[in-house]
Amino acid sequence: MLLNPNANYFDFLEQISNCNGTVLLQTPQGDILNLRSELCRFIFACAATNKTLLSGAEIQCDFQEDYLLLTPFLLDDRQSGRRETCAQ
Amino acid sequence: MHSSSQKLTTFQNLVSCVHNIQLTTFDAQTFEPLTDATDGAPILYFLLSLDNGASPWWTPEGTNFDRLQTDGHFRPIVCTNSLGMVWISEIEPFQGKPYRIHVFGPVFVSDVSMQSVLTNLQGRNLSAGIRERVVAYINDIPVVSTIRFYEYGLMLHWCLTDEKISISDLMYVEAGNQRNIASEGPSLNSHGTYFVEQKMLQAVREGNLQYEKQLNHLASTGYTGQIIAKDHLRHVKNYVIIHTALCCRAAVEGGLDIEVAYTLSDQYLESIEAADGISSLHEISKAMVRDYVERVHRLHTDSCISPKIRTACELIDLDPQRHTIHSLAQRYGCSDYYFSRIFKKETGYTVQAYILKKKMEQAKQLLYTEDCSIAEISEILGIESPSYFSSCFRKATGVTPLQYRNHRQKDQ
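So the protein sequences, as listed, match chains H and Z. With this note's numbering as the guide, the letters of the first sequence map in order to residues 1 to 88. With this note's numbering as the guide, the letters of the second sequence map in order to residues 1001 to 1412.
The shape of chain H in the complex, shown without the other chains (with noise of 0.2 Å):
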């Protein structure tokens, strides 16, 4: 599922404390970011202040309650135009 780039970046990575598992983050540049580990956090908050950096970047979750938490900082199937993706 996209990023939705009108999301609150604050409270995305909070909400991703609570998730269960590895969320990852795909730009399509190709940078993947595991945002469950402190260096990848700090560089997308760096990241961040720029939004076209991070622009069309996708979360994949091993979980799928974990969508659920991040749902609110997602672009739905049909805002995205793709089918969501659980990696397991």
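Honestly, I wouldn't trust all of these hints.
[Claimed, not checked] Distance ranges between label pairs, derived from CB positions:
1. D1276(Z) / R36(H): 35 to 45 Å
2. K1097(Z) / N20(H): 30 to 40 Å
3. P72(H) / K1097(Z): 30 to 40 Å
4. G21(H) / A1287(Z): 52 to 62 Å
5. G21(H) / E1253(Z): 14 to 24 Å
6. S1003(Z) / P72(H): 34 to 44 Å
7. G21(H) / Q1095(Z): 15 to 25 Å
8. D1291(Z) / D11(H): 49 to 59 Å
9. N18(H) / R1290(Z): 47 to 57 Å
10. D1027(Z) / G56(H): 47 to 57 Å
11. P72(H) / A1287(Z): 55 to 65 Å
[Said to hold, decoys possible] A few chain Z positions that, by computed beta-carbon distances, are all more than 12 Å from chain H:
12. S1003
13. L1121
14. N1125
15. I1309
16. H1326
17. E1384
18. S1391
Please keep in mind that the hints were generated in silico from the structure rather than gathered at the bench. Where is the CB? At the ideal position from N, CA and C, for every residue including glycine.
Position chain Z against the provided structure of chain H, taking the given hints into account.
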């Protein structure tokens, strides 16, 4: 009287003469950045929450201001994250309630932390745009010595509260789920610091009185471990103990007598263990290095006294009660008579007179700093009769021990 805003501006200008450290102000209720919108503020906001799980702010339980107070006053809070970045948060009260939060930093207190973040970045296939942004942000974070950064924190606190505090008043927030970044990539490379440390020890070995330049350099780049430990005072004590052991051995290599070096080390270790604040540990550390350097320097420059007699003098200086003519003569494998003769010839004092002189110096110190009776001081000095002690003291100083104590107290 200047307002806190004016003081803050002056503070920022003064700090900027030396380091480019960011000062960001947040609203204490909404946590919205109040300073001019810069890229740094939102990144900082993320950093503050890095190690704290779901918490939006720096306390594991969320923003509970009560736990950040000591005796009803907010204290500067030293925070860190697992990337090795450190910052100081200061809560500005208004009518007793949190009004604004000033975040000073982040900085790296060690170039190793900075390098490890950069090294970890290299191991990731980041796109040019993101890499450029992250590297630019990291490169803008200054490396500042721990003590200097704490001192800035004290100044910031004064700007906001008009209250002067000491380093031991700082509070430390332990990061939740702290993880060493080394586990995410290649091991830390601390060789840069190792070489600087070797330079400093070389100064001790050579008795180089210009050592402070090396020491300052070490302070600004040296790696002293993670700043946050459960007991920060213990962490600093451990560091100073290791520093003392290294200096002791360097001084021995520089020619200082092993017993002198180790006795000195024991005395410093005792002071380190007894220290109750980080600033006093800093002072002990400085005094210890100075002491070793000066002793080795004297060895290399004072040619009138033979190394044997100089060492004997130093042993007496360190512990006048412990040594006698016989123990010293035995140590150097000569007769008491021969040793006494050489000692007198080179120093101008008989051994007994020299020991007594040192005991009287120690007595002055005890009279000034301790509350013991004359009999107790006499016993500490190993002089059996208090009246003999008083008589010797009077001969040496011109006044009785009690008169000396009273004069010093009046002067104070």
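Structure-based check of each hint:
Between D1276(Z) and R36(H), the C-beta spacing of about 40 Å keeps the proposed range 35 to 45 Å intact. Roughly 38 Å separates the CB atoms of K1097(Z) and N20(H), a value that falls within the hinted 30 to 40 Å. Hint check: P72(H) to K1097(Z), Cβ distance near 32 Å, so the stated range 30 to 40 Å holds. At about 55 Å, the CB distance of G21(H) to A1287(Z) agrees with the hint of 52 to 62 Å.
Between G21(H) and E1253(Z) the CB atoms are about 56 Å apart, so this pair departs from the stated range of 14 to 24 Å. Distance hint for S1003(Z) and P72(H): a CB-CB separation of about 42 Å, consistent with the stated range 34 to 44 Å. One distance hint, 15 to 25 Å for the beta-carbon pair G21(H) and Q1095(Z), is violated here, with the actual separation near 47 Å. Here the CB-CB span from D1291(Z) to D11(H) is close to 56 Å, well matched to the stated 49 to 59 Å.
As the Cβ distance of N18(H) to R1290(Z) is approximately 54 Å, the hint placing it in 47 to 57 Å holds. Taking 47 to 57 Å as the suggested C-beta distance range, the pair D1027(Z) and G56(H) does not conform, at roughly 33 Å. Checking the proposed 55 to 65 Å range against P72(H) and A1287(Z) shows it holds: the Cβ atoms sit about 59 Å from each other. Non-interface call for S1003(Z) relative to chain H: holds, since the shortest CB-CB distance, roughly 31 Å, exceeds 12 Å.
Interface exclusion of L1121(Z) from chain H breaks down, the closest Cβ pair being 8 Å apart, not more than 12 Å. The claim that N1125(Z) lies off the interface is violated: its Cβ sits roughly 7 Å from the closest Cβ of chain H, which falls inside the 12 Å cut-off. Every CB of chain H is more than 12 Å from the CB of I1309(Z) (nearest about 60 Å), matching its label as outside the interface. At the 12 Å boundary, the C-beta of H1326(Z) stays outside the reach of chain H, the nearest C-beta of that chain being 65 Å off.
Distance check for E1384(Z) against chain H: the nearest CB is about 66 Å away, which clears 12 Å, and the non-interface claim stands. The beta carbon of S1391(Z) is kept farther than 12 Å from every beta carbon of chain H, the shortest such distance being approximately 70 Å.
Hints 5, 7, 10, 13 and 14 from the list above are not met by this structure, while the remaining hints are.
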